[in-house]
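Spelled out from the first residue to the last, the chains are:
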Amino acid sequence: MASRKKEDLVELRAKLLMGIKRSATREPSLKLATEVLTFLMRLVRHEKYDKVETLLEVLHENGSLITAAYPSEFVIRNLVLAVSKIARDEGFRSDISDATSAFNSLTRLWIDRRKDDTLRVPLKDFREKLIDGVRELQTEMETCRENIVRIGTELISTGDIVMVHSLNSSTTIQSFLKDIREKHKLRIMSVQNSSEPLNNDFPVEDYIKLCEAATKMAHVTKVVLSAITVFPDGSCLLPPGGRSICLSAQRHNVPVYVLCAFYKIAPYFLPDPSIIIKHTLPGLPFGMARKFAGRVRVLQPAIEYTEPGLVSLYVTNTTVINPHHVYRIITDYYHQGDVYDSPDFQKDEAALNSEKLGLGAPAHIPPVNDPLKA
Amino acid sequence: MAFIHAKCRNTDAPYLHSQIHRVKVPDAKVKWSTDFSEYSPPDYTDPKTFGKPYADDKLDGIKWNAVDGKINRKSHVVDYSFDDEGRPLNPMGRTGLRGRGVLGRWGPNHAADPIVTRNKDGRLYFVAIQRSDTGEWAIPGGMVDAGENVSATLKREFSEEALGGKKTDELKELWTRGKELYKGYVDDPRNTDNSWMETVCVHFHDDAGLLKDVDLEAADDATAVRWIDVFTDEPLYASHEQLIKMVPWGAVARDSIQKKDNEAKFSAVIVADNFEHRFDALFREGGTWCQQAVCNVPIIEITLEWLLRANLPKVILLVAERNYNHLKPVEEKWRIHFEQFLIVSCKDALSVGDTLRELDSRALVTSDFLLIDNPATFTNSTLKPQLQAFQERRNADKHNVMTLIYAKADDPQKSVIGVKKGTQKLAYFHSADHPSRVTVEKNLFTEEVVIRRDLVDTGIAFCSVNILVQEILVNEEILLLNIHIDVLSANEGAVQIYDYDSYVYASKLLLNHWLYPLSPENLFQSRDYAMQSNVADIYYAQDCIRYGSLKALRVDVLGTSSLLGKEGTYETAVKVVNSVIGNGTTIGLATRITDSIVGKNCKIGKGCLLESTFIGDNVTIPDNCRLEKQILSHNLIYPSTSDELNFIGQLLSPLPPDEDSEDGIKCVKIQDNVYLWKLTSGFSVWSRALRNNALFSVNGGGSNSDDLEEEDEDEDDLGEVDPVSIFQEEIFDSMNRIIELGFNDQTVRNLTLEINSSKLANNISMDDLSKYLFKSILQLDPCQTIPGFKALALQWKNLYTNYYRPQRCQIQLLMGLEEHYHAHDGFGPKLPLIVHFMYDEDKGLGVLDDTSILEWHNTLDGDSPLRPLMKQLVDWLEESDDEDDSD
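Respectively, the protein sequence lines represent chains A and B. Start counting the first sequence at 1; every next residue gets the next number (my numbering). Start counting the second sequence at 1; every next residue gets the next number (my numbering).
Certain hints may be false.
As the list claims (entries may be wrong) - Coverage of chain A stretches by chain B, computed from C-beta distances (three or more under 8 Å per stretch; other residues unrestricted): (1) 130–136; (2) 269–281; (3) 294–300.
The hints are simulated quantities; they were obtained by calculation from the structure and are not laboratory data. Note that the Cβ used here is the ideal one computed from N, Cα and C, for glycine as well.
The shape of chain A in the complex, shown without the other chains (with noise of 0.2 Å):
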């Protein structure tokens, strides 16, 4: 097994990419999540490296690679920075004694910018940590959807009137409801896009459609989300429709709880959600697109940006946490070198302190003769 090739990591990296696009619709992200972890435990498992750096730049590169093909599938790019931060925390025992300090996970991740000492410890023994830190990691994901549901039945108690939305999709969201159903009597309301067929598997008491969702706002108590990336600032993506019944949740002061399972955290912020924000069919006949295709623009997003403010919980597989506070959870995962070193982040930082990023036309327009009127 360890002598397996290189064209077999590149063959390996294609069918789960491939994999990914098998599907016409976006599956539950577990499994995403699974597949990708798969491929990452297969790297440090067979990969050769001599030291640290070998297998940080290895894990970069293929990051890179599977990122790129899905720039919008935060679970990718957020489970190679989890391995690399494993990878660094086994390898470079320097400053292991902070890491553990509670006090200093609050900024640290933010503030503390002094390189590494490379420390290295023998490396048959680090191979074997990696991939027992990979394997914890593997567990954790495993039973992170128990925990959340445990977590999450906290929040909840008898008699509310709970809406839940992306039911058919998210299947913590089903096991959430499943678990709370057996503990309290409570009725669920589930908002379902037109086109979606009902789940037959998992009945609730009301059907509505995201029309009906600001009316039937005055009678929730509760709304259960399911995030597909949430963001340190506590920002965070939802599937489509979600960010409307937070905006009606808010208008009734009605608690907005989103699950998210720490693989959805990220590790940066998101400075422009246009670049990750794509937009699906446009929702019209497709016997119209002769006569509109090009000419009208259909905005119909595949995933919706949420402000920090919309939502009161997150409840992640370890804890409950206030949107304001995620950041402090970030360090438990992600090591801020792989946040802060990369050349992508410094050069964005000098082009920051030297000019405006991102606003549009240039400043200027010079006159020009324009050929139609000439």
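Dock chain B against the given chain A, drawing on the hints supplied.
Chain B only, in chain A's frame:
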């Protein structure tokens, strides 16, 4: 002209084991019946054969044309005749050498050739031995010994030559499975005027794996024996190549596979080439259609991507041999994502039909399949309900052979189809040249046919494997009887690229997410860059993002819904809308590009305005140009002085068309390194829905589609190409080719197939087919003489019986004859002879009935010059008719 033996007329080398050269016999003088008074070939009989038991000594006392004691001297072909010295004469004609040569017997020398085949890992193999003398591979056959029957020879030779003399029980079983493939004359280098080879070739297919564990062992006179691929490039001995070609490989493989695996997997077959002349200019200097980019992604990658989502396990790409190497990287990349991924290289494929025939002959498809005849066919449907419906229909009735997939969309061609209510069976299909016209037929009313104009053909079809079997294509009614259509649901779309208009449209759809999840950010990208878009939906190719951070995009250009390649340079105030710009392209100040595709490394000047334009790679456009609906092929430097509007809908290329290959193209030189390409068919290069004249009449840029249509209406007098003449031309070419190939049943079957394909392609009715087929036959070279006509007709008897059984077809034949008579002076005397020959059942063809002849005769004008010509025959027919009645 019929089969002429060639190998035994070779004068380049001396006759085998001798110093004697054959005398040259020209093709025209091969037949004994042709006078060739100066013919005086050398007489040679190999002295080594004298006194050998297998050789004849004297001519006296031999019982010719009969079984002579233990020796079979009957020919499989004919009763042979004799020369002045009493030697038998080669039934195929002169060879340039008299005597017995190295052969043992005067007259026919009988051989037997067993072709033993098996199917392994989806490929077909046959047992071949390598001859030690020539190194060529050959079938392990041999001469029939005296007193031996053919089947004994087959068994003996095979076990001697291929199995080292072993006889096993497995073989006994195998020998019961023989099917005779060929029996008759062999064009063998050993043949002489008086002595020739004949063979019986029997095909044994080992579909039960009988020979799986049997070791092949070469005999002393062979260097090797092994299973070789039937499509091998290795040289095959003499006539054996012909024999191998006679094996119905398609049927063999299908039979054996279907027996084993009834649940064969649904596969996708993509014809990876484009036979559209419009795109020729893009490949003038190499490259293939598949590699052509849409949204900077090769076409084939987009197609494979949606196929991946349709979840078909098996993909077969058919590609012309010259393009095979271009697809190698595609195979390497995609092989791992499908259970089976095959690229089939087709020799000399010039049409979709050619490639499909190749597919059949290789028997690679053994189950029903999805056919995409243009790789540039994109859909966001997974086709699951359509596939299911197709399979249900197939199970209900095996004759439901095909389902065409349509999408609800506006078709610029406004093509029309008729569908039977309820069953979705295709009942009316538009003609090729007037897609928007309905020719009303009675059955459209009686059968509750719904005429639909709201659909567009997606270019995707589900086909039964039987569609490949020739018999079905021979059935004239296939077009209407057994084809169904299925329509994609309203939110699913599909698009096909067949001209530049649809090219631009397809990229517009992809850029605007109309085919989501096929959209730029989801398309598979090469490892060197990734796509990121900004709020205006302009996609920028980025270097691979370091995953550690997210950075905001620069905004280089104005506009929306476009895709910009990497390393481009965009000056200020460039506006790009619904367009794709290739890598490394420079665009000047304030240039506007709308609905266009621009290739790699182009230089576009300042202040240009490009609207609906297709620009290849490395094109240079000077400042302040205004282009609309133009195609600029690779490496063109756009002439700055020209009046651009004259080129609307036209293609400019720096090179003239390749003289050898591109016959659908006319070319005008504008200036040095600028050539204007036009289609000979008169259609605009830009769009197949437009004619050139329509475009030229449009003033300015306002190409209003209504205007165009009006123009369209009076196009008839502008030298439009008539489908009947195309049909005639096509079948004439096919027939000439078949004649060149020589005669056997297979070639005639192929001819039938080609005629039927042309009929379908040009939407020719059965009546027209009957008439024009015969007219074309009459124009063939061999048919200029009566004996030539007769000889060919007898060889093509199957063709005649196939098409001329119904009486109305016979009458059409006679009408064709009549038209031919009017068009050709001096044909008169031949006409009654031909009619008689076609009528005569004993010596002629017997395809015409007397009633048809009489009926046709009645339709002739009273003063028609044909009446006196036909008088004798008609009188005789009427007489015999009366006689029949009185009996």
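Quiz prompt | Assertion that chain B covers the region 130–136 of chain A - criterion: three or more residues, beta-carbon distance below 8 Å | solution = Check failed, 0 qualifying residues.
Self-check item: Coverage assertion for the region 269–281 of chain A with respect to chain B, Cβ distance below 8 Å, three residues required
Solution: holds (count 11)
Quiz prompt | Outcome, coverage hint (the region 294–300 of chain A, chain B; C-beta under 8 Å; three residues) | solution = Holds: 3 residues of the region 294–300 of chain A have a Cβ under 8 Å from chain B.
Hint 1 from the earlier list is the only one contradicted by this structure; the remaining hints agree with it.
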